[in-house]
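Line by line, the protein sequences are chains F and H. To convert, note that position 641 of the first sequence is 641 in my numbering; the numbers rise steadily by one, no gaps. To convert, note that position 43 of the second sequence is 43 in my numbering; the numbers rise steadily by one, no gaps.
Honestly, the hints are just simulated from the structure, not real lab data. One or more of the hints may lead you astray.
Covered by chain F, per the in silico footprint, the following chain H stretches (three or more residues, Cβ under 8 Å) [to be verified]:
1. 79–86
2. 158–170
Derived contacts from chain F toward chain H, CB cut-off under 8 Å, selection only [said to hold, decoys possible]:
3. P276
4. Q469
5. D628
All of these numbers come straight from a predicted model, not from anything done at the bench. Just so you know, even glycine gets a beta-carbon here, dropped at the ideal spot from N, CA and C.
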Amino acid sequence: QATVPATPPGTGTIDVGIRGTGLSGDAARYERYRDLRNGPFLEGLRWDVEKSDWRLNVGADHAGWRDQRFGARATKPGRVKAWFLWDQIPMLMATSTRTLFVEDFTTEPSALTIDPAIRAQIQASASATPNVSLLPALFGDNAVGFDTRGRRHIAQGGFEYIATPDFTLRAVYQRTDRQGVIPYGASFGHSSLVEFPAPIKHTLNEFDSSAEFSRDRFLLRAGYSGSWFHNDNTTAAIDNPFRSFDALASGNCTVAPGVTAPCSSAPARGQLSLSPSSASFTVSGLASVKLPSRSRLTWYVSVGSLKDAGDALMAQTINAANTTLIRPLERTHVEGEARTFSTNLNLVSRPSRYVDFSMRFRTYDYDNRTPEFALTQRVAYDNAPGVGSYSTLGGQSLCPVGCVITGPVHSEPFGVVRHTLDFDVRVTPMTAVAAGIGFTRLSEERSHRFFESTTENLLRVTFDSVGNQWFSLRTKYEHAERRGDVTEEASRELFNIGEQPGIRQFDIASRDRDRVTILGAVMPRADLSFTASVAAGKDDYTQSLFGLRDNTHRVYSVGADATPSEQFNVGLSYSFERYKALSRSRQASPPTGASTISYETFLQLSQLTSTTVQVADASRNWASNGTDRVHSFVMSAAVTKIADKVDLDFSYDTNRSEGIYNYITGPVADRTLPDEVVVDTTLTNCNTPDNCKLPPVTSRLDRGTVGLTYWISQRVGVGMTYWHERYRVTDFTLDAESSPVLVRSNTSNVPVAVLLGYLYRPYTANTVWGRLFV
Amino acid sequence: PSGRLEASPPAEKPALTQNPPQAAPQAGVGYVGEDTCATCHEAQQQKGYKGTPHSAKADPRSPAAKQSCETCHGPGAKHVEDPAANKLKNLKTGSATMINETCTTCHNRGEHALWDGSQHETRNLSCTTCHSVHAAKSEKFQLKEASQRELCATCHRDKIAKLDRSGHMPVREGKMTCTSCHNVHGATNTRLLRKGDSVAELCTSCHADKRGPYLWEHAPGRDGCVTCHDPHGSSNERMLVAKPPLLCQRCHVATRHPSTIYDAQAVGSASSASIRVYARSCVACHSAIHGSNHPSGQRFIR
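Hey, can you work out the whole structure from these sequences and the hints?
So this is what it looks like as structure tokens:
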């Protein structure tokens, strides 16, 4: 970075110039959260004034551009600070996206419609069969290009008033205004996928305040914060590009036990729920007291509330053909509400210079008070109403005559209570050496998850040698064991909803964790340092027959930094990261009709090498083995005051990542759990070694900058900055090679998805800045 | 480009005038006064002290309003008599405990109130591990590196490297900093998170559109956003910790498509490609994955 000369009284600095970019490829990914269009720019302005007892600092970055920022701060030392900030954060996701939808966000629900003339070509009348084979041509001729972009505008104002040397009041108000569109998915069935530009029109108002009193050994703080979120578009209705009229089902639908009526099996339009408006409030208090023996006790407590904005429940469907079949909902409003309670008790003591300890007890309670919602009808994809069911193992989205209505299904308002106890002891036998041992116990109780109770015990050991001028070393080793029990009832419920009872969701599953970190630095001279670090760890999900079985990480880094003179600095670092994860699954279709089995039968079959029912057939097991490798290299050099006039800086960094995903069918070597039945695979997927390997996901970002500044005088300089960025990517889900705008089905050449064309695309960019520093 | 304004509060800038003349040395307590210190340590006086909040005499809590240099370094009378034999407090190479106690004599409120017992403090870090009063390189906060990114990379290299991945928050563009989310001096939340009392509360303080409360809740999201997202960056879209559908299949093994192998035949532009892999993969259909208020939003499709 160019050196900005010291600011004399009453003045400031300004950095202006002109910028131009030559770019090939994806301009959006190059810009992303910044505005790099060509033209004159004000990179930065700082202006400082002092008058009487006041200081005023004002600043501006990128004035006039989409990522502009302005700030001002007034300070009366020891008495008042007040500030204002205006910050714009753009997010440009794509300039190549196209859509058939025309958006009208002024209606409720906000509507995304397709030109009726286009729809008429897909389906001219209710009795006509939709001609979806026309979609590619219609899309090509009529889709309108648009930028997928959003932005946040943030206005913040705050003050800190030191009423007395002991008493401080602080308050901050912030308003965030977010607008734009974002790719969003809507589905009209398993082969009718639509991506549309979902509207974003959010406002978030936040207020934080606190009063703090501190005298002698005591510190007291009371705080209040409120957050009000409003979404202009909490629902969206979109046209179905695959058909223009609601389809009439060939048979009747079951409305209630024994009651049938004509119904529709596919909609012309659908309606989605988007983010709800909400408000949250928190009141908190903190008390801290200094105790004898260099000890401190701190207690924090907060009580909070989160409520929705009183939104009414939306209609089950806007499919006109089915609305008469819809039963009344159990209630009319969401009634979303939660209360939070949190407390921290923290004791730190250093009774001697050789020993210190700390203890923290922490409780967090998220009490979800949203009433359970009983779903007696499920309207999937705005299709015909069916049974309310969790299950893919016997539940049907369309309930034909004679089907069994098993509902209602109840929503599961999730809540959690966490208790954490930390205890650490540190021994410092000499100034530069400290060793510690610590223990953490984390107990969690959840509602509506299969592990309703888990406990994790963690032991850590640390050894640090710091504070001498020659070297430093920080090491840490952790071993943790998390345990939770799945009850028989929970296993049965898993089976009933079509999940494997052996699945364990990895965020709460029983787990053994080992982690070690070593961070060392050697400073042979004051102007030269070398660093190296190693971090490694393994998570072993000890009871997970299915789901994530284990993951490991290894991170190595080395670096060097030299400052042989005040005018010259050079630094470089390299790091390598590797993350591996193994996950298990069983490919199975649900048993139907005569093959339907009970949970008890499932258990019996699971202990055999039976292939009669897929869900109990161990020969259908598979695993995915993922490996991510990342190489990062950073180099920078700066030379200042060359011939007293010239500053030169240079930096280059590169980040190369590669993700490898392989499938393993049949047994996984060395990873058999005691309860696992091991048999050879009968799966026909992954039938060749090549098919078992997904194409590697790679990305590479190279970035180089050179800056040259010539100081005409002590305060005036001219300069030139050059940026080079090069991004390369291959990604089987998102690059242009893999994901055309319209995706066709695998057999009949019929379009099954209409996407926006948001992709990962490479770019090469060269930006030059001519600059004037004053 | 040059330094940027921080999110909050705006940049601290150097004071604009010289401080008033220093008070005369106090007799009997070994203090010699700033002018005496400057006879040998003028460079340290000029850089990092003059013009900073430390030298704002109008603030009764500042060193300038107390004993100036000796507020932090201790009484200098004996040091003046025999500098070699009577070393002052060295806040660069002294013990972490000594350094921290010195700084927290004043910096014990607001942002710094929870330093004692914080993760950094218990790992033997001192204030001068990150800050340098006399040799700061940053525009703000007297950091030992030019930016927070560079400073935090000293120890957290893996986290900083993630900022350069395809999916990232606007840190490398200068719109966020590490301290946008973390209070490195101590916090009541876990992982030194600045706001809220849980990971989800911190994330939804900005991403309030995801906080619900919903009629149908995706419990892992409420339990902790980091189950699926890596907030420091990822090579996957939307900073997911793994590529869908493989990410979702870590928890969902149900019959039909959640348990299906999507092997090499299901990817790419080949005619056998599956729409369950492309683009948004699982969330193409299950788009309301954080939660839904649709009466039939049980599977987050609506």
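Hints versus structure:
1. As drawn, the stretch 79–86 of chain H meets chain F at 0 residues by the rule of a beta-carbon pair under 8 Å; below three, the given contact is violated.
2. With 6 residues having a beta carbon nearer than 8 Å to a beta carbon of chain F, the stretch 158–170 of chain H meets the requirement of three or more and the stated coverage holds.
3. The interface hint given for P276 (chain F) holds, since its Cβ lies 5 Å from the closest Cβ of chain H, which is under the 8 Å cut-off.
4. Below 8 Å, beta-carbon pairs count as interface contacts, and Q469 (chain F) has one with chain H at about 6 Å; its hint therefore holds.
5. The beta carbon of D628 (chain F) comes within 7 Å of a beta carbon in chain H, closer than 8 Å, and the hint placing it at the interface holds.
Violation of the numbered hints given earlier is confined to hint 1; every other hint is satisfied by the structure.
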